[in-house]
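Peer 1: Please build the complex by placing chain D on the supplied structure of chain S, with the hints as guidance.
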Amino acid sequence: MSDNKKPRRDFIKLSAMTLGGVGAASLLIPFISSMNPGKDTLALASTEIDLSPLEEGQSLTVIWRGKPVFIKHRTKSEIDSARNISLEDLPDAEEDSARVQKDNWLVVLGVCTHLGCVPLGQKASDTKGDYGGWFCPCHGSHYDTSGRIRKGPAPTNLPVPPYVFLTDNRIKIG
Amino acid sequence: MSSNELQGYKKTLNSPYTGIKGWIDSRLPLIRMMEAEYLKFPVPKSLNYFWSFGGIAMFCLIGLILTGIFLGFHYKPSADDAFDSVERIMRDVSFGWLIRYLHANLVSFFFIATFIHIFRALYFGSYKAPRELVYIFGLTMFMLMMATAFLGYTLPWGQMSYWGATVITNLFSAIPVVGDAILTLLLGDFTVGDSAVNRFYVLHWLLAFAIVGLVVFHVITLHMTGSNNPTGTEPQSWDETVSFHPYVTIKDLNATIFFFIILAFILFYYPNILGHSDNYIKANPMVTPAHIVPEWYFLPFYAILRAIPDKLGGVIAMFSSILALGLLPWLDTSKVRSCLFRPIWRYCVLLFAVNFLVLMYVGGKPAEGLYVLISRIGTAYWFLFIFVLAPLVGFLETPRQPLTITNYLQSKKA
Chain S
1 MSDNKKPRRD FIKLSAMTLG GVGAASLLIP FISSMNPGKD TLALASTEID
51 LSPLEEGQSL TVIWRGKPVF IKHRTKSEID SARNISLEDL PDAEEDSARV
101 QKDNWLVVLG VCTHLGCVPL GQKASDTKGD YGGWFCPCHG SHYDTSGRIR
151 KGPAPTNLPV PPYVFLTDNR IKIG
Chain D
1 MSSNELQGYK KTLNSPYTGI KGWIDSRLPL IRMMEAEYLK FPVPKSLNYF
51 WSFGGIAMFC LIGLILTGIF LGFHYKPSAD DAFDSVERIM RDVSFGWLIR
101 YLHANLVSFF FIATFIHIFR ALYFGSYKAP RELVYIFGLT MFMLMMATAF
151 LGYTLPWGQM SYWGATVITN LFSAIPVVGD AILTLLLGDF TVGDSAVNRF
201 YVLHWLLAFA IVGLVVFHVI TLHMTGSNNP TGTEPQSWDE TVSFHPYVTI
251 KDLNATIFFF IILAFILFYY PNILGHSDNY IKANPMVTPA HIVPEWYFLP
301 FYAILRAIPD KLGGVIAMFS SILALGLLPW LDTSKVRSCL FRPIWRYCVL
351 LFAVNFLVLM YVGGKPAEGL YVLISRIGTA YWFLFIFVLA PLVGFLETPR
401 QPLTITNYLQ SKKA
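Top to bottom, those sequences are chains S and D.
If you're matching positions, the first sequence starts at 1 in the working numbering and goes up one per residue.
If you're matching positions, the second sequence starts at 1 in the working numbering and goes up one per residue.
None of these hints come from the bench; they were simulated from the model.
The structure presented is a predicted model; accordingly, all values stated were derived computationally and were not measured.
Hints are all accurate, no fakes.
Now the in silico label distances, taken between C-beta atoms and shown as ranges:
1) S/L19 with D/T225: 39 to 49 Å
2) D/M90 with S/I63: 22 to 32 Å
3) D/S320 with S/R8: 42 to 52 Å
4) S/Q58 with D/I262: 47 to 57 Å
Straight-line distance between alpha carbons at most 27 Å, and here's what the computed BS3-like set of lysine-lysine pairs gives:
5) S/K102 with S/K67
6) S/K67 with D/K282
7) D/K40 with D/K21
8) S/K123 with D/K365
9) S/K123 with D/K282
10) S/K123 with S/K172
11) S/K172 with S/K39
12) D/K282 with S/K128
13) S/K76 with S/K151
14) D/K76 with S/K39
15) S/K172 with S/K67
16) S/K76 with S/K102
17) S/K102 with S/K123
18) S/K151 with D/K365
19) S/K67 with D/K76
20) D/K365 with S/K128
Residues from chain S shown here face chain D by an in silico Cβ test under 7 Å; the list is partial:
21) M35
22) P68
23) P137
24) C138
25) G140
All residues carry an ideal CB built from backbone N, CA and C; glycine is no exception.
Just chain S, same shape as in the assembly:
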């Protein structure tokens, strides 16, 4: 083989390898994609809840996407304690008013943002932590009456799931 043929051979090799590489990489897409939640799992993505049995001060835990959602009918003092603080004291600063649609109803995901445990505080007998909201027993995170992180290793507030009030006493989560 003469020397001037070499670049041509290199070009063919390089093109073949590139094309093969791209082909192999695209073959990964269906496999990785198959690992995501299936259609049946996604179909369970919304839940409707009747709020009327909940008295002021009571809480309810419902399941949404396999996770607990905390619904809290807040008392006046709980709302006040969530509002009468300076945002500078919060690790993850967020106004209480930005976290609720109606002042007396708080809806948050009941999953600690640290490592996913379910915080205590839903039952009357539960410890509610130093800020009167929830306390995660796994690694000691304290949440306030707006579900915001106040103390402990959790990096962010309890997330507010997407929900709408269908009527005054009925909400749909998801």
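Peer 2: Frame of chain S, contents of chain D only:
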């Protein structure tokens, strides 16, 4: 190619054996290889019982795979059936209790053997050149072991299984930006559930056999350099070696039997002592147990995770604590291998072992008050040991002249 060269190439296919043995061996040179690598393989004659724990770990692995296969005949990997199928193994399957308790306790003993095996490598300098790859394959296996043990622990689908799985998989959510998407992808759902337990079961099997594959690499690299020994000096002549069989085989078998007698005691008298009673409660996604404690062999690493008050930082510290150990062959600047001849480093290594046990203790305690402080000091020493003491002590200390294997054995007799 000349015909002479060709002959040389073919000669390697000529077996030293005759008959059926020769017929097989000249086509598949396995018999020849086993004889060279196991029956006649020379090892330093100064090995002590610390050198038996590699073999013991291997017997544990074989036991785990065998018991695992028989458990797999009865286990059902789904959120609805998993817990009940394990209870069925315990109550209804003939000898199911024995096979499951064996599987569960063998893991603990596998870890005990591995911890001692790793300590041996640190104390006698087995990680140093030319055995770096032996050591790195070993650490890789250790990480796969932890992954496999974690996946296995989730399968009975008790409360600890479920919440352990939740906490550990949530470590991935610490990854900035894409963390939650990756977690959903890994679980196949928004939470640990039916989809996760199915995958965990498949991966538990897959990783177990990946470890077997790595054992092969661990042994190939070991047999290239030969075993280290307490003196850290290489054998100078054939006189300083013995053949693997029968000397080491018998010694390892002896050690293994003693080790398994202790296992049998735990197995038959205290089969649940190393587990957690909450795992006999079926998984409930709505209620987190008051104290989530990982299995005892994860506690040192769990302590490191909790020592750092930041989620991502804790995860990074935990994973890098093992990865950093892999750098030791290059960070240790001493020319002497064995701690027997290293007056300062010896205490650094012993303190590292004590520190490991202290971390194990605080990892099982609630993350508050003094325990947090101790776990932080322990974590600091872990990294100090690897990144500061290993390079520094090599310069600072004046090691004793290492004894040869012959002199060492004589000095022990005297």
